[in-house]
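Enquirer: Sequence:
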Amino acid sequence: MEAKNETKTLQHFIAGDWIDTDSSETFEVLNPLDDSLYAHAAKGSGDDMRRAVAAAKAAFPAFKETSPTQRERWLLRVAELMEERQAELIDCLIDEIGSPVQKAMFEYNKALTMVRAAAGLCRQVRGETIPSDAPGKFSMSIREPLGVVAVITPFNVPLIKTSRLVANALAVGNTVVHLPSEMAPHLTVLFAKIVAEAGFPAGTYNVVTGLGHEIGDDLTAHKDIDFVTFTGSTVVGQHISEICAKNKTPATLELGGKSPTVIMADADLDKAMPLVARSIFMFGGQACIGSSRFYVERPIFDEFVKRFAMIAGKVGMGDLRDPNTVIAPIISDRQRQRIKDHIADAVAKGATIEAGGEWEGNRCQPTLLTGITEEMVVCKTETFGPVTSIYPIDSYEEGLEKANDTEYGLSSAIFTKDIDRAFHFARNIGAGMCHINGPTIHDEAHVPFGGNGESGVGREGTDADMEAMTELKWVTVQL
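The numbering of the sequence shown is our numbering, which starts it at 1 and goes up by one.
One or more of the hints may lead you astray.
Claimed, not checked - List time: in silico BS3-like cross-link candidates among lysine-lysine, alpha-carbon distance up to 25 Å:
id	residue 1	residue 2
1	Lys57	Lys246
2	Lys193	Lys64
3	Lys380	Lys417
4	Lys271	Lys306
If you're looking for bench data, these hints aren't it; they were derived computationally from the structure.
With the sequences and hints as input, model every part of the structure.
Expert: Here you go:
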């Protein structure tokens, strides 16, 4: 059996209570594997969102005065409860968003590190003493939480994003209102139950489920929101950026990508190929840091394509609970059609499909394209599926130039044995992240995760979130 679905009914979590929306309206959450009904979720309204913000604001004055020891204890308890409920969280990742079990386990384990790292962050909220030109004056800075943090998370890695952003916000003394993707509300509801059981006071963490295009502005534009963190599309990110700029609300935005990988002729293909495949096929390519562009030096181009096509033809597409399965179902009809349109447009304009291109149910076969030209949509636009383009290059310089020929700037990679060239690439690639002899898909709790240009603003991670979600206050004492 692929799924273990029992239809669920999901409520909002506001001020420590589980409640329905005032209208009692719900929306359907579908299992992307077969589009069967997975859950009914409360369809949040503007009033629900305002109620949640009010609860977070009311809880903030007391919560910001809690000790690092107390917040640390609560977060470590969250991690303990996540371990106790591993099976439930894994099942949710499989059945709600279509994660193959190996990806679900990867996400679960990564989320645990996020929460534990956040617990350590509780003791890092500090200022410094500052030399003063005034005689007898003691000068210092203190770091304080901002207030109410709005967290908006995506469907593709909901547990990673939820655990990182919510835990970091709580660790430094903020309260949170969370709007999860309408395609992954149950995962967030499970997390909210864990947070509540861990002992966090009512109102410190609030969840409103609903349709982002209907109630997202009610959250991000609210006058009592002190910080916004959003992960999603560049188009929506631009809209949120404009709202935040108007209200002078600080924000971090982690948006789309068209991440390049450069393969030099001296690369060790035996080591590189499994990593290359991981960088685009993990979770069916539904990752903003997935490598959708490969620039391969001409002497090894044909061999690279041959090996890549062989791997693509063997990538597992079986039962999602089979550890050998890699390819996930594409999350929605809209996204499936986008992928189909990108492939069809490329083929119609002369591209060659070296592998894949077909569909098995709601899953797209791992697809490799060559002969891509700039008039093809897939050349510059994010596809968000297991589809990548492979281009020949005649030199390192050409590879770097083409890798930088994009409005995005999220992740990047280069495979080479030349350390000078590798570090030159790292210094000159216009991306927020660069991996040498490693895949573009990589993340850790404490690193500065994020991109440039159309890929976003700011960085995530323990240190980055501490800086972004707190503010410094200058204090002097005349002795």
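Enquirer: Has the given pair, Lys193 with Lys64, been kept, meaning a C-alpha gap of at most 25 Å?
Expert: Given that 25 Å is the threshold and the Cα spacing comes to 22 Å, the pair holds.
Enquirer: Does Lys246 lie within 25 Å of Lys57 when you go C-alpha to C-alpha?
Expert: holds (21 Å)
Enquirer: Against the 25 Å threshold, does the CA-CA distance of Lys380 and Lys417 hold or violate the hint?
Expert: Cα-Cα ~29 Å, so violated.
Enquirer: With the threshold set at 25 Å, check whether the alpha-carbon distance from Lys271 to Lys306 stays at or below it.
Expert: Answer holds: Lys271 to Lys306 is near 15 Å, not above 25 Å.
Of the numbered hints listed earlier, the single one contradicted by the structure is hint 3.
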